[in-house]
Amino acid sequence: MSDEPLSQEEIDKLLQAVLSKENEKSPETESKESESEDHLAAEPKTAEEAADIEANSATNHDSINTPKVPPQILEKWAPLGSLQLRFTAEIGTAPLKVGEVMQIGIGSRLPLKTRWVEPLVLKLNGKTVGYGRVVLVGNKFGVQVTKWGRLTH
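Heads up: the sequence shown is residues 11 to 163, going by my numbering.
What the hints contain is simulated information worked out from the structure, not anything from laboratory work.
Please note that a few of the clues may not be correct.
Listed below are the simulated DSS-like cross-link pairs for lysine-lysine, each with C-alpha atoms no more than 27 Å apart in a straight line [as the list claims (entries may be wrong)]:
| id | residue 1 | residue 2 |
| --- | --- | --- |
| 1 | Lys86 | Lys107 |
| 2 | Lys123 | Lys78 |
| 3 | Lys133 | Lys150 |
| 4 | Lys157 | Lys78 |
| 5 | Lys23 | Lys137 |
| 6 | Lys23 | Lys86 |
| 7 | Lys107 | Lys78 |
| 8 | Lys137 | Lys78 |
Quick list of the computed label-pair ranges, beta carbon to beta carbon [stated by the list, open to error]:
| id | residue 1 | residue 2 | range |
| --- | --- | --- | --- |
| 9 | Gly148 | Thr124 | 40 to 50 Å |
| 10 | Leu120 | Leu146 | 16 to 26 Å |
| 11 | Ala27 | Gly148 | 12 to 22 Å |
No residue lacks a Cβ here, since even glycine has one placed at the ideal position from N, Cα and C.
Using the sequences provided together with the hints, build the complete structure.
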């Protein structure tokens, strides 16, 4: 392995190879995941239901140190372990005109296209790799991953 940094194209190929092996799942597992995604997209009908969703998202989260990739794959890709990636959790987007941006000030509220019950979009180096929800990790914001890996839109 050379000391030259990897190009974005090389990083993308490596990630795709790892993710494709990671996501070789049984149809039963994938069906359960899609059921849980349907639950995420549904709006809560009552304040109690909304509070329950919020409580679950704040308490039921795994540590980042809990590997979800089989040990043989982790070992194979260990040389890439120190490669720095940019992780982003995106809550939504909004198209703005220059005139609108010039009107933004402290206290401004910007509506996003995303509804509040929709999952966050998780990205690595700008590419969507999963979905999640906001949780508290200690006294900081965190993300609980609800879907990870090869995604089809």
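Could you tell me which of the hints above the structure violates, numbers in ascending order?
Violated hints: 1, 2, 7, 9, 11; rest satisfied.
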